[in-house]
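Protein chains in written order, with the working numbering: chain A, 1 to 161; chain B, 1 to 554.
Mixed in with the good hints, there may be bad ones.
[What the hints assert, rightly or not] Under the rule of at most 27 Å between Cα atoms (straight-line distance), these lysine-lysine pairs were calculated in the DSSO-like manner:
hint, chain 1, residue 1, chain 2, residue 2
1, B, Lys256, A, Lys80
2, B, Lys332, B, Lys290
3, B, Lys315, B, Lys332
4, A, Lys159, B, Lys315
5, A, Lys159, B, Lys501
6, B, Lys97, B, Lys10
7, B, Lys399, B, Lys480
8, A, Lys159, B, Lys256
9, B, Lys501, A, Lys80
10, B, Lys248, A, Lys80
11, B, Lys501, B, Lys256
12, B, Lys480, A, Lys138
13, B, Lys440, B, Lys518
14, A, Lys159, B, Lys246
15, A, Lys80, B, Lys165
16, B, Lys248, B, Lys315
17, B, Lys315, B, Lys165
18, B, Lys246, B, Lys256
19, B, Lys480, B, Lys246
20, B, Lys223, B, Lys315
Just so you know, these hints were derived from the structure itself, not from any lab.
These figures come from a predicted structure and were not determined experimentally.
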Amino acid sequence: MAQLLKQGQVTVNNWQTLDTGTTELPSGNLLVPVELWQQLSLGAEQHSGEIGLWLDGSEEIEQLADLLIKAPVIGIRFSKFADGRGFSMARLLRERYGYQGELRATGDFIRDQLYFLQRCGFTSYEFDDSVDVAEASKSLNDFTDAYQVAVDQQVPLFKRR
Amino acid sequence: MYRYDQYDHKLVDERVAQYRDQTQRYLAGEISEEAFLPLRLQNGLYVQRLAPMLRIAVPYGLMSSQQVRKIAEISRVYDKGYVHFTTRQNIQLNWPKLEEVPDILAELASLEMHAIQTSGNCIRNTTTDQFAGVAPDEIEDPRPWCEIIRQWSTLHPEFAFLPRKFKIAVCGSEEDRAAFLLHDIGLQLVENSEGDIGFHVFVGGGLGRTPVIASSIREFLPKQHLLSYLDAILRVYNRYGNRDNKYKARIKILVKAWTPEVFAERVEAEWAHLKDGPATLDGTEIERMKSFFTAPQYLSFDAGETAADLQSLAKDNRAFSRWLDRNVRSQKQPGYSSVTLSLKPAGVAPGDVTDVQLETIADLADRFSFGEIRSTHNQNLVLADVAQPELFDLWQLAKSAGLATPSIGTINDMICCPGGDYCSLANAKSIPVAEAIQRKFDDLDYVYDLGDLELNISGCMNACGHHHIGHIGILGVDKKGEEWYQIQLGGSANSNAALGKVLGPSLSRQAVTDGIEKLLDVYVENRLEQESFLSTYQRIGIEKFKQRVYGTAS
Ligand code: SF4
Chain A
1 MAQLLKQGQV TVNNWQTLDT GTTELPSGNL LVPVELWQQL SLGAEQHSGE
51 IGLWLDGSEE IEQLADLLIK APVIGIRFSK FADGRGFSMA RLLRERYGYQ
101 GELRATGDFI RDQLYFLQRC GFTSYEFDDS VDVAEASKSL NDFTDAYQVA
151 VDQQVPLFKR R
Chain B
1 MYRYDQYDHK LVDERVAQYR DQTQRYLAGE ISEEAFLPLR LQNGLYVQRL
51 APMLRIAVPY GLMSSQQVRK IAEISRVYDK GYVHFTTRQN IQLNWPKLEE
101 VPDILAELAS LEMHAIQTSG NCIRNTTTDQ FAGVAPDEIE DPRPWCEIIR
151 QWSTLHPEFA FLPRKFKIAV CGSEEDRAAF LLHDIGLQLV ENSEGDIGFH
201 VFVGGGLGRT PVIASSIREF LPKQHLLSYL DAILRVYNRY GNRDNKYKAR
251 IKILVKAWTP EVFAERVEAE WAHLKDGPAT LDGTEIERMK SFFTAPQYLS
301 FDAGETAADL QSLAKDNRAF SRWLDRNVRS QKQPGYSSVT LSLKPAGVAP
351 GDVTDVQLET IADLADRFSF GEIRSTHNQN LVLADVAQPE LFDLWQLAKS
401 AGLATPSIGT INDMICCPGG DYCSLANAKS IPVAEAIQRK FDDLDYVYDL
451 GDLELNISGC MNACGHHHIG HIGILGVDKK GEEWYQIQLG GSANSNAALG
501 KVLGPSLSRQ AVTDGIEKLL DVYVENRLEQ ESFLSTYQRI GIEKFKQRVY
551 GTAS
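Full structure from sequences and hints, please.
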């Protein structure tokens, strides 16, 4: 995934995602699988770049949360865009565990989900080269306001009307 | 009824713009078929057997006369001049053009309507009792709560991609007219021992392939916690519901697998974090919502005189008297009645109504019922607040518009899904079966003598026609490419909700009406005085019915 939409800007993605089962760490910024992240954070490894982690929507994060929220970047991977578990996971990380770092959507999400993703606490989005990301980023602004409380708005509309 | 403010308007307008852009990108080949599917579904657009089908939301079944006129106009301009009312109180257009749907949505938005989340794996239209607000047995009007839920569920960012569709119903009265135990979440307004009103929460009900009656997970939820509690249920479901197998993806399967007790514990654990959070409702919001659903400007009548007048009119006019019996019911306000306009004349698909009829209905609502119309899950329409001295005039006008078939609650008031005539999932046609039954039982005296009888027909296991909860249920099945029909008995959506039992081997189309007649004979021969079909069935069991239909003991 070469392109990154972050804070509304299109940038080059200079993070590399490692698959599960990888043991050798290449140099540069890395998103590593959560198991590897656990090992690394226990062993305080020397590394030339930053290291974040990625999760599947199915991960039970409750037990790991203390460890996870230290990561500079957490990627949540959508195996299928119709699999909405990542939306709940993002809100949990932000609202329950107080994660402050970058929360990145990766995998099979689609641009038409950007507005919802952002409301749930995502701050960056990986796109592959085929996508016109500047164009896609318009979907971040599909709506100007919303009824519900979410990460981006802690005051429900009914208190603001 | 609820009226939009600038926030609601802006939201539906932005939704139209969003969908217009999505449609254009789809037509330009920039969105794949697969990615467009949930986008169009979440705007109510299916692609059916013959054409796309657009489902328009009627939040908890409530419409103004202007909205109904707009629907009439849309059906004329963009469709074939008729629409269909569904069992979820919504409206379907059967022949819109995919590329014109954004224009239709814009027309709807101009009158505070939309098609948001009328399909797809998301939270659907919240339904309730068609007599909400006027029912004499009401604990509290459920409509303000339905509107609170509507707003909460509309474009909820976390729950737009659930494992499967999700339906919520609210019941505010003792008698259940919302079938709330057959919903993913059923909310029953109840009073606790301190005299506070709150919700009894049920989860995991539903029809479809695996019909289940919902389980109680919380006996009393204080009102202000409604939304945070719903968030907790939905979050548990969103995270743990089955996503691998569409037939195991409804919340009912999760509740069953975990047991209702464990499910309740999981919800409570999640809710512990959300309780008293920012989603907590306050008195101001609850009062604001209630202010939209106040009683209209009723007039007062001399009750004795009105009743005497009606009685004498009824005495002279048998047809009027029948209509009073079946289609008119008393309501809270003395001197007023609620009238059901029937969408079930023989020869018309149940729930279908033409543009001209819609305009007549809007006029009738303006003249007789404060400009409001309600749709029912039985696919009829209701004018809830009709002054009794005007009933006769209303009847005459409704009759000439074909809206006064005096069959409400009888065998001829069946619920029927679109079936094989329209639906690509169907195993069999359902509309011709409904019609054959209506034609067979056209002797009104006989039909009245049978009394309350719910007959529900679905064209396949998806059960859109609610066959599991019909006193008599008919299910279309496919037998080596031929259309056959399975009969079920004893279902009920009322407070003692029950699922029907299969009578025996399925019948051919030709044999269905005869089979039904035999069932009715058994009932008539065995009933005790005043006993309904359902009660007789419950008392004598299925065996006698079986023997009569199949001619053998088994
Ligand atoms: S029950 Fe089956 S045939 Fe009938 S409308 Fe639903 S999916 Fe279609």
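Structure-based check of all given hints:
1. B/Lys256 with A/Lys80: holds, 26 Å
2. B/Lys332 with B/Lys290: Roughly 17 Å separates the two Cα atoms, so the pair holds.
3. B/Lys315 with B/Lys332: Roughly 25 Å separates the two Cα atoms, so the pair holds.
4. A/Lys159 with B/Lys315: With Cα atoms ~56 Å apart, A/Lys159 and B/Lys315 exceed 27 Å; violated.
5. A/Lys159 with B/Lys501: Distance ~49 Å between A/Lys159 and B/Lys501 Cα, so the pair is violated.
6. B/Lys97 with B/Lys10: holds, 25 Å
7. B/Lys399 with B/Lys480: Violated, at roughly 44 Å.
8. A/Lys159 with B/Lys256: violated, 38 Å
9. B/Lys501 with A/Lys80: violated, 39 Å
10. B/Lys248 with A/Lys80: holds, 18 Å
11. B/Lys501 with B/Lys256: holds, 20 Å
12. B/Lys480 with A/Lys138: Roughly 51 Å separates the two Cα atoms, so the pair is violated.
13. B/Lys440 with B/Lys518: With Cα atoms ~12 Å apart, B/Lys440 and B/Lys518 stay inside 27 Å; holds.
14. A/Lys159 with B/Lys246: violated, 38 Å
15. A/Lys80 with B/Lys165: It holds: about 17 Å lies between the C-alpha atoms, which stays within 27 Å.
16. B/Lys248 with B/Lys315: violated, 56 Å
17. B/Lys315 with B/Lys165: With a Cα-Cα distance of about 50 Å, the restraint between B/Lys315 and B/Lys165 is violated, given a limit of 27 Å.
18. B/Lys246 with B/Lys256: Within the cut-off at roughly 16 Å; holds.
19. B/Lys480 with B/Lys246: Roughly 24 Å separates the two Cα atoms, so the pair holds.
20. B/Lys223 with B/Lys315: violated, 48 Å
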